[in-house]
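Engineer: Place chain B on chain A using the hints.
Going down the list, the protein sequences come from chains A and B. Following the numbering used here, the numbering of the first sequence begins with 41 at its first residue and continues without gaps. Following the numbering used here, the numbering of the second sequence begins with 4 at its first residue and continues without gaps.
Simulated from the structure, these hints should not be mistaken for lab results. Each hint should be verified, as a subset may be incorrect.
As the list claims (entries may be wrong) - A few chain A residues that don't get close to chain B, going by computed Cβ distances all over 10 Å: (1) V83; (2) E116; (3) N126; (4) E196; (5) E230; (6) R237; (7) Q289; (8) T322; (9) K362; (10) D393; (11) I397.
Said to hold, decoys possible - What follows is a set of in silico ranges between Cβ atoms, one per label pair, in the way DEER data are often shown: (12) N65(A) x E86(B): 52 to 62 Å; (13) T47(A) x F23(B): 50 to 60 Å; (14) D94(B) x D439(A): 34 to 44 Å; (15) A97(A) x D94(B): 52 to 62 Å; (16) G104(B) x E119(A): 27 to 37 Å; (17) A97(A) x G100(B): 50 to 60 Å.
These numbers come from a predicted model, not from an experiment. Here a beta-carbon is modelled for each residue, glycine too, at the ideal position from N, C-alpha and C.
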Amino acid sequence: MVEKLTTINVARIREDFPILKRQVNDKPLVYFDNAATSQKPNVVIDAIDRYYREYNANIHRGIHKLAEEATLAYEEAREKVTNFVNAKRAEEIIFTRNGTEAINLVAYSWGRANIGKGDKIVLTIMEHHSNIVPWQILAEEKGAKVEFVKINERGELRQDEVHELIDEKTKIVCVTHASNVLGTINPVKEIGRVAHRYGALFLIDAAQSVPHMTVDVREIDCDFAAFSGHKMLGPTGIGVLYGKSEQLQNMPPFLGGGEMIREVHTTGASWKDLPYKFEAGTPDISGTIGLGAAVDYLREIGMRNVHDYEKEITSYALEQMKQVDGVVIYGPMDVAHRVGVISFNLGDIHPHDLASILDEEGIAIRSGHHCAQPLMEFLELPATSRASFYIYNTKEEVDVFVNALEKARKIFAR
Amino acid sequence: MSSDIYKDIILDYYRNPRNFGDLPDPDVRAKDSNPLCGDIIEMQLKIRDGKVDDIRFKGKGCAISQASASMLTEAVKGKTLDELKTLGKPDVLALLGIDPGPTRIKCALLGLKVLKVAVYGHLGQAVTEEVKQLV
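Next up, chain A with everything else stripped away, as it sits in the complex (with noise of 0.2 Å):
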């Protein structure tokens, strides 16, 4: 993939995002809830504005121009998606909702027809709920067997449970990129390495990983990859699954219905050729249109610049951060080993308590498990408060937010 040589002007990029305007309690809103969802720049609500506006139409089959449009313009979208993760080909990427149900996708179509008793499927300990919860419901219908890789004190992959746990009983592994806790980023290459070995295969939960840093899961060499694009900088209700064509085309069909078939007959049904075997009933094109667009915005600042621009700017935070009195933070402390997800505690202040006095500075964060029990549970904490970081985020909003940090320090020291 190509990268652009520019550094990252956020002045500007501030401005193409309408909602950074905006006041919160009368403060300059901050906005550090970026791994649960982004901002959006113009030119997203711009697309999808246009297609409403001016083509809105279904797809696919309508023999009139703005079928045709709305057709071209969705299916271009796919195209800038297959380039922007450098599948092979653009059937490989299916649109779904988001991206939990393109695991769940993998889990009804792939798991119900190559898990069986005994099997086992290998996790890890930080997924998210997404990567979990499908699977424990697959297990749990064919008699099969979630094992959870753990993490050492630095909140890193156990490599050490990684080749433990996978064996030949093995048949999928399914990892986060990033962990939308600890921010850490895992070595997934080398852990389908080791699937591979084994004959199973490996999934990688992307969602915090593609919107922040190059995903390219032809060199991770992963069957399967799953993101959202509201995430992204794009709208909600669009999500990617990517699947290695020679996966996809094995599987049966996930949900059936219109868009999906080749041909139906009363007797039964044949299936259209991917990707469209996996995208039944008339899909989210309106958010479709305008992941495309997120996709050629992040582009254009190149994916290498979003990364090194929220590296800077972790670094940044946990630097300021560990000099408050109290704060506890989890997750690796190497900024090359993490994106700008920042998880942590203060003092005895309940994580809620906390959001709220943020909330008053204008500082949206997030606070509670984060969708993560499992990884709650291992690091027994009943919560924490999660900071995540976008392009458009400033040291400066970092320096309000460590503010802010200290006066709830000080109305929880009284």
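Structural biologist: Frame of chain A; chain B shown alone:
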């Protein structure tokens, strides 16, 4: 919502919860959690002549949930079970002295919900929809 939410009295109840712990021989106990944030409250009651003779609570969670549960235990001691059944959101807000706002109101109401579940349980009555929807 303003920073008044963390006024001294709430922090005081959070730091030094009144009626915290276990009753030696409770007549009824109930426990619930807020699925959104995992806050937990347990209430234990000793009932005599249809009145709350003694009460304790235990729990884990944010300052709002723990302080409001603690304040509630103080407020209901000596009250009849019928009186407890009529308690509602305004009573909890009056105890707190603030409105924590829509994102935190469920934190404040968890203790009340658990208390009411205990009361209905003791009376052998079904918990009302209204109570179920408190949190």
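Engineer: Tell me, which hint numbers fail for this structure?
Structural biologist: 10, 11, 12 and 16
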